[in-house]
Amino acid sequence: MNKLLITGGFIVMILAQWFIPGQMIYQQEQVLSEGTSYKFKTRPIDPNDPFRGKFIMLNYEMNKVKKPAEEVDYDQDVYVYITTDKDGFATATHASKTLRDTDQDYIVAKANGTYQDTLNFDLPFNIHYMDENKAYDAEVAVRIATREGILTNCYGLVYVKGDRAVLSDVFIDEVSIKDYVDTKE
Amino acid sequence: MNSKLRQEVSKLVEAQVISPQVADDIRNYYDSKNDTSPNRLFAIFGVLGSLLVGLGLILILAHNWDDFSRTTKTIWAFIPLVVGQFFVGYSLFKKKGVAWKETSATFLFFAIGASIALVSQIYNIPGSMPSFLLTWIVLVAPLIYLLKSQAAALLYVIFITAYACNVGYFNNDSPWWYLIMLLWIVPHYYKQLKKFPSENLTSIFHWILPASVLIALGAFVSGDDSIGFLMYVTLFGLFYNVGKLPFFADKKLRVNGYLVLGSLGTITTLLIVSFKWFWGEFNTSLVSSQDLIITGMLLAAGMTVLVYLFLKKELSPFNLFQYGFLIFTGIYFTRFISPEVPMILTNLLVFGLGIFAVRIGSSKGMFSILNYGLLIITVLVTCRFFDTQISFVIRGLLFVAIGAGFFGANYLMHKKQQKQNTSENE
Chain C
188 MNKLLITGGF IVMILAQWFI PGQMIYQQEQ VLSEGTSYKF KTRPIDPNDP FRGKFIMLNY
248 EMNKVKKPAE EVDYDQDVYV YITTDKDGFA TATHASKTLR DTDQDYIVAK ANGTYQDTLN
308 FDLPFNIHYM DENKAYDAEV AVRIATREGI LTNCYGLVYV KGDRAVLSDV FIDEVSIKDY
368 VDTKE
Chain D
4 MNSKLRQEVS KLVEAQVISP QVADDIRNYY DSKNDTSPNR LFAIFGVLGS LLVGLGLILI
64 LAHNWDDFSR TTKTIWAFIP LVVGQFFVGY SLFKKKGVAW KETSATFLFF AIGASIALVS
124 QIYNIPGSMP SFLLTWIVLV APLIYLLKSQ AAALLYVIFI TAYACNVGYF NNDSPWWYLI
184 MLLWIVPHYY KQLKKFPSEN LTSIFHWILP ASVLIALGAF VSGDDSIGFL MYVTLFGLFY
244 NVGKLPFFAD KKLRVNGYLV LGSLGTITTL LIVSFKWFWG EFNTSLVSSQ DLIITGMLLA
304 AGMTVLVYLF LKKELSPFNL FQYGFLIFTG IYFTRFISPE VPMILTNLLV FGLGIFAVRI
364 GSSKGMFSIL NYGLLIITVL VTCRFFDTQI SFVIRGLLFV AIGAGFFGAN YLMHKKQQKQ
424 NTSENE
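Protein chains in written order, with my numbering: chain C, 188 to 372; chain D, 4 to 429.
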């Protein structure tokens with residue numbers, strides 16, 4: 188292989204290796220700084236990933252909406268339009284298979300089956316990575332708080348801009364989940 | 004050159020067996036040969052070190068240090084990447100030796116994984132495991148050719164196999180990207196075959212590549228599982244015939260992963276389908292067209308290799324193992340007649356293969372192959388005891404007969420070899 192090809196190949200490789208994580212960061216940062224924030228009521232559970240560490244899986248309360256007129260297949264992308272309810276939490280107003288010409292914010296969710304006139308869906312931002320010592324404790328703390336009825340709100344703070352939604356943090360009673368776990372220890 | 008050999012050479016000079024000139028030549032020869040071996044050892048330890056450091060980094064980063072700010076964590080995500088890229092660039096442009104290249108390539112391989120993993124973590128990006136692995140693999144793929152790194156190539160094959168398993172077995176999809184990524188390694192493998200046909204590393208590729216395909220094939224089975232068995236028998240037939248190519252003619256059996264995997268795979272799969280329940284529980288309506296196309300392509304590939312071997316006049320003497328996959332394809336379609344027909348024919352095929360292995364073993368004078376053949380027959384008979392109503396006496400007699408066969412065949416071959424040895428000595 189000649190030297191020019193090796194140098195060119197090396198530069199392209201280096202750039203690609205910077206570009207992919209760089210692009211990931213740029214896209215997320217853009218949503219965090221320019222997007223609108225919504226609170227999604229949720230419950231965390233604690234699984235594991237071999238490379239990326241411990242995370243809590245979030246089960247959102249907002250998981251259904253009135254079925255759109257079009258037929259929606261299982262696992263298909265659907266546009267779920269959201270607004271804020273009187274308590275300050277995100278709520279789904281309607282859904283559609285294609286993007287509508289409106290200023291209302293939306294989430295690209297995965298359809299999870301229909302029942303009568305209801306469409307069930309899964310929100311994409313259901314993973315929140317945590318310190319490995321805190322993920323399980325967080326799940327336990329939330330479970331105990333829920334059982335004792337002292338938990339008034341547990342929500343994911345999500346920034347939404349266009350097609351992208353970034354989960355910035357999870358709050359329990361207005362305290363970030365990582366600090367909440369510390370206070371319970 | 005080791006000191007013992009050096010002493011021996013000096014003794015030979017003193018005893019005037021060789022001249023001082025010849026002694027110098029011998030010393031120079033071993034010294035020049037030794038030049039490469041410490042380098043290779045450095046490369047191996049370097050790669051192992053990088054592997055451990057890289058994996059360690061991934062684990063350390065996976066702790067999720069939430070005391071740090073997002074910016075600090077993001078900087079940390081790029082530090083291993085920058086270090087890895089620096090060393091790769093340094094070994095590439097300073098034309099460093101194999102040890103440098105292999106070590107830096109291995110480190111960068113894991114640094115990239117750590118970097119993407121950490122960014123996903125920081126921003127809670129929910130991406131699936133297959134898409135994470137795919138991004139990682141694509142970003143490290145150039146290392147194989149830029150640095151000519153064998154470690155990167157081996158890690159690459161392991162990771163694409165893991166990707167295929169993740170997509171096919173855990174997510175019920177077909178890992179089509181696996182095929183494209185497998186193609187990427189082909190020129191590297193071809194170059195190894197041409198330039199270093201007898202190197203140990205090339206032998207590792209003869210094992211790891213068919214093993215990867217073997218593991219990944221199941222990930223493509225989408226419909227009824229029983230066609231998967233036909234698919235696998237065809238793949239093993241293809242492997243066996245690849246192992247019979249002229250390239251492998253002068254190679255040892257332990258180097259020839261294709262032949263060993265092909266033979267063992269054919270026998271194991273056929274033994275599984277030699278049971279009656281397999282043919283009884285078959286539902287043809289569940290076979291997908293994708294499965295049929297893949298089976299057809301494997302069959303075509305196997306036949307192409309057979310035709311090539313025929314043109315090269317490499318097909319004689321007749322070896323049943325080479326045609327096993329074609330015969331089984333025929334047998335497979337007799338299931339439309341009744342479940343008993345393919346069952347009986349499969350049993351006959353396995354028995355025939357066992358006999359053939361015994362024959363190959365005795366003609367080549369290899370005890371291992373001879374006993375392999377006898378073992379095939381023994382396992383076949385043992386399997387039949389589970390689904391047939393034969394009396395204990397007959398079963399007992401059958402075992403005694405096979406046991407006697409083991410003794411007899413080995414004894415006869417031992418005698419034959421002794422006779423040959425004595426006639427050669429005379």
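Hint data in this document are derived by calculation from the structure and do not stem from the laboratory.
Possibly wrong hints are sitting among the right ones.
[What the hints assert, rightly or not] Residues from chain C shown here face chain D by an in silico Cβ test under 8 Å; the list is partial: (1) L191; (2) F197; (3) Q204; (4) M211; (5) K228; (6) R239; (7) G240; (8) E248; (9) M249; (10) H315; (11) M317; (12) D369.
[Claimed, not checked] Beta-carbon label-pair distances, calculated as ranges: (13) C:V362 <-> D:L51: 43 to 51 Å; (14) C:E216 <-> D:A304: 23 to 31 Å; (15) D:D176 <-> C:M244: 33 to 41 Å; (16) C:V362 <-> D:S131: 28 to 36 Å; (17) C:T280 <-> D:L51: 34 to 42 Å; (18) C:I198 <-> D:Q24: 48 to 56 Å; (19) D:E202 <-> C:K284: 51 to 59 Å; (20) D:L182 <-> C:T370: 46 to 54 Å.
Idealized CB from N, CA, C, for every residue including glycine.
A quick look at each hint next to the structure:
1. Hint on L191 (chain C) is violated. Least Cβ distance to chain D is approximately 13 Å, over the 8 Å limit.
2. Look at F197 (chain C): its Cβ gets to within about 6 Å of chain D, closer than 8 Å, so that hint holds up.
3. Annotation: interface hint on Q204 (chain C) holds; nearest CB of chain D at approximately 5 Å, less than 8 Å.
4. The interface hint given for M211 (chain C) is met, as the beta carbon of that residue sits about 5 Å from the closest beta carbon of chain D, less than 8 Å.
5. With 8 Å as the threshold, the beta carbon of K228 (chain C) stays out of range of chain D, its nearest partner Cβ sitting at about 17 Å, so the hint is violated.
6. Of the supplied interface hints, the one on R239 (chain C) holds, with its beta-carbon coming within about 5 Å of a beta-carbon of chain D, less than 8 Å.
7. With a least beta-carbon distance of about 3 Å to chain D, the hint placing G240 (chain C) at the interface is held under the 8 Å criterion.
8. Hint on E248 (chain C) is violated. Least Cβ distance to chain D is approximately 18 Å, over the 8 Å limit.
9. With 8 Å as the threshold, the beta carbon of M249 (chain C) stays out of range of chain D, its nearest partner Cβ sitting at about 16 Å, so the hint is violated.
10. Because the beta carbon of H315 (chain C) sits about 5 Å from the nearest beta carbon in chain D, less than 8 Å, this interface hint is met.
11. Given hint, M317 (chain C) at the interface with chain D, holds; its Cβ is 6 Å from that chain's nearest Cβ, closer than 8 Å.
12. Nearest Cβ of chain D to the Cβ of D369 (chain C): about 10 Å, over the 8 Å cut. The hint is violated.
13. With their beta carbons about 46 Å apart, V362 (chain C) and L51 (chain D) fall inside the hinted range of 43 to 51 Å.
14. E216 (chain C) and A304 (chain D) have their C-beta atoms about 49 Å apart, which leaves the hinted 23 to 31 Å range violated.
15. Checked against the given bound of 33 to 41 Å, the beta carbons of D176 (chain D) and M244 (chain C), roughly 21 Å apart, lie outside it.
16. The supplied range of 28 to 36 Å is met by V362 (chain C) and S131 (chain D), whose beta-carbon atoms lie about 31 Å from each other.
17. Checking the proposed 34 to 42 Å range against T280 (chain C) and L51 (chain D) shows it is violated: the Cβ atoms sit about 58 Å from each other.
18. About 53 Å separates the C-beta atoms of I198 (chain C) and Q24 (chain D), a value consistent with the hinted range of 48 to 56 Å.
19. At about 57 Å, the beta-carbon gap between E202 (chain D) and K284 (chain C) stays in the expected band of 51 to 59 Å.
20. At about 52 Å, the beta-carbon gap between L182 (chain D) and T370 (chain C) stays in the expected band of 46 to 54 Å.
Hints 1, 5, 8, 9, 12, 14, 15 and 17 from the list above are not met by this structure, while the remaining hints are.
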